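Construct the complete structure from the given sequences, taking the supplied hints into account.
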Amino acid sequence: DAKTTQPNSMESNEEEPVHLPCNHSTISGTDYIHWYRQLPSQGPEYVIHGLTSNVNNRMASLAIAEDRKSSTLILHRATLRDAAVYYCILIPSGGGADGLTFGKGTHLIIQP
Amino acid sequence: GAVVSQHPSRVICKSGTSVKIECRSLDFQATTMFWYRQFPKKSLMLMATSNEGSKATYEQGVEKDKFLINHASLTLSTLTVTSAHPEDSSFYICSAPRPPSGYEQYFGPGTRLTVT
Chain A
547 DAKTTQPNSM ESNEEEPVHL PCNHSTISGT DYIHWYRQLP SQGPEYVIHG LTSNVNNRMA
607 SLAIAEDRKS STLILHRATL RDAAVYYCIL IPSGGGADGL TFGKGTHLII QP
Chain B
8 GAVVSQHPSR VICKSGTSVK IECRSLDFQA TTMFWYRQFP KKSLMLMATS NEGSKATYEQ
68 GVEKDKFLIN HASLTLSTLT VTSAHPEDSS FYICSAPRPP SGYEQYFGPG TRLTVT
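For the protein sequence lines, the chains are A and B, in the order given.
Each position in the first sequence, counted from 1, maps to that position plus 546 in the numbering used here.
Each position in the second sequence, counted from 1, maps to that position plus 7 in the numbering used here.
Source of the hints: derived by calculation from the structure; they are not laboratory data.
As the structure is a prediction and not an experimental result, all values here were calculated from the model.
Incorrect hints may have been included.
[What the hints assert, rightly or not] Derived pair list, reagent style DSS-like, types lysine-lysine, alpha-carbon separation capped at 30 Å:
| # | chain 1 | residue 1 | chain 2 | residue 2 |
| --- | --- | --- | --- | --- |
| 1 | A | LYS650 | A | LYS615 |
| 2 | B | LYS49 | B | LYS62 |
| 3 | A | LYS650 | B | LYS73 |
| 4 | B | LYS27 | A | LYS650 |
| 5 | B | LYS49 | B | LYS27 |
| 6 | B | LYS49 | B | LYS21 |
| 7 | B | LYS73 | B | LYS62 |
| 8 | B | LYS27 | B | LYS62 |
| 9 | B | LYS73 | B | LYS48 |
| 10 | B | LYS49 | A | LYS549 |
| 11 | B | LYS71 | A | LYS650 |
| 12 | A | LYS549 | A | LYS615 |
| 13 | B | LYS48 | B | LYS71 |
| 14 | A | LYS650 | B | LYS48 |
| 15 | A | LYS615 | B | LYS71 |
| 16 | B | LYS48 | A | LYS549 |
| 17 | A | LYS650 | A | LYS549 |
| 18 | B | LYS73 | B | LYS27 |
| 19 | B | LYS73 | B | LYS21 |
| 20 | B | LYS48 | B | LYS21 |
| 21 | B | LYS62 | B | LYS21 |
| 22 | B | LYS27 | B | LYS48 |
| 23 | A | LYS549 | B | LYS71 |
| 24 | B | LYS71 | B | LYS21 |
| 25 | A | LYS615 | B | LYS62 |
| 26 | B | LYS49 | A | LYS650 |
Right under this line is the structure:
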């Protein structure tokens, strides 16, 4: 699996936007960019995924660089419940039947 | 609501005993499920792929005789930690691909195992 690089931790204030970066310079043309998050003492949960175009859903937005070598997960208005470890994972096309390879992720701290 | 459940949520056992953890998909069938292990302040590590009707596939370094996996039905996979030791204490998490594409994984809430 192509490697991703994320900052170990980030801190933000409640009700402010949060931009979580992910570098994936060795991404292949058919790799999808997935984001999962893990709240304390829980299993991970899916957040969003994309291939080339920016994506929006009820949880977040995903901005993908034109060269696809980096992406940014955007939480538009962070709440205390968004405090979690966020994982950026590359999944090859057709790789939906494979287990996920988790990196270290970014520990997001939200200050009230 | 939860789409993948695990039971028990936490278990404490004595060294040398075996512990069974169940992973169930709710409202959908899963021919494949995955088992992960997570040590404190570490990331999840894939242990094995559970296949309904066939043998599980284990990741390198995971002992198949120690971590027995049985995928008896399309909604249930079990992980049995045999002859558990304190170093097996960990957070065990299962997942199942969301149908139909399988791209999104549904994760269970995890099982906290403590071996004394």
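Quick rundown of the hints versus the structure:
1. A:LYS650 to A:LYS615: The hint holds at about 18 Å.
2. B:LYS49 to B:LYS62: holds (28 Å)
3. A:LYS650 to B:LYS73: holds (26 Å)
4. B:LYS27 to A:LYS650: Measuring from Cα to Cα gives roughly 28 Å; hence the hint holds.
5. B:LYS49 to B:LYS27: holds (23 Å)
6. B:LYS49 to B:LYS21: This hinted pair holds, its Cα atoms lying about 24 Å apart.
7. B:LYS73 to B:LYS62: Distance ~14 Å between LYS73 of chain B and LYS62 of chain B Cα, so the pair holds.
8. B:LYS27 to B:LYS62: holds (17 Å)
9. B:LYS73 to B:LYS48: Holds - the C-alpha atoms of LYS48 of chain B and LYS73 of chain B are around 24 Å apart, at most 30 Å.
10. B:LYS49 to A:LYS549: This hinted pair holds, its Cα atoms lying about 17 Å apart.
11. B:LYS71 to A:LYS650: Since the Cα atoms of LYS71 of chain B and LYS650 of chain A sit roughly 26 Å apart, the hinted pair holds (cutoff 30 Å).
12. A:LYS549 to A:LYS615: Distance of about 11 Å is within 30 Å: holds.
13. B:LYS48 to B:LYS71: holds (25 Å)
14. A:LYS650 to B:LYS48: holds (9 Å)
15. A:LYS615 to B:LYS71: violated (37 Å)
16. B:LYS48 to A:LYS549: Within the cut-off at roughly 20 Å; holds.
17. A:LYS650 to A:LYS549: OK: LYS650 of chain A and LYS549 of chain A at ~11 Å, within 30 Å.
18. B:LYS73 to B:LYS27: Answer holds: LYS73 of chain B to LYS27 of chain B is near 12 Å, not above 30 Å.
19. B:LYS73 to B:LYS21: Given that 30 Å is the threshold and the Cα spacing comes to 16 Å, the pair holds.
20. B:LYS48 to B:LYS21: At roughly 24 Å apart (the allowed maximum being 30 Å), LYS21 of chain B and LYS48 of chain B satisfy the hint.
21. B:LYS62 to B:LYS21: holds (28 Å)
22. B:LYS27 to B:LYS48: holds (24 Å)
23. A:LYS549 to B:LYS71: holds (27 Å)
24. B:LYS71 to B:LYS21: It holds: about 21 Å lies between the C-alpha atoms, which stays within 30 Å.
25. A:LYS615 to B:LYS62: With a Cα-Cα distance of about 38 Å, the restraint between LYS615 of chain A and LYS62 of chain B is violated, given a limit of 30 Å.
26. B:LYS49 to A:LYS650: holds (7 Å)
Hint violations for this structure: numbers 15, 25, all remaining hints satisfied.
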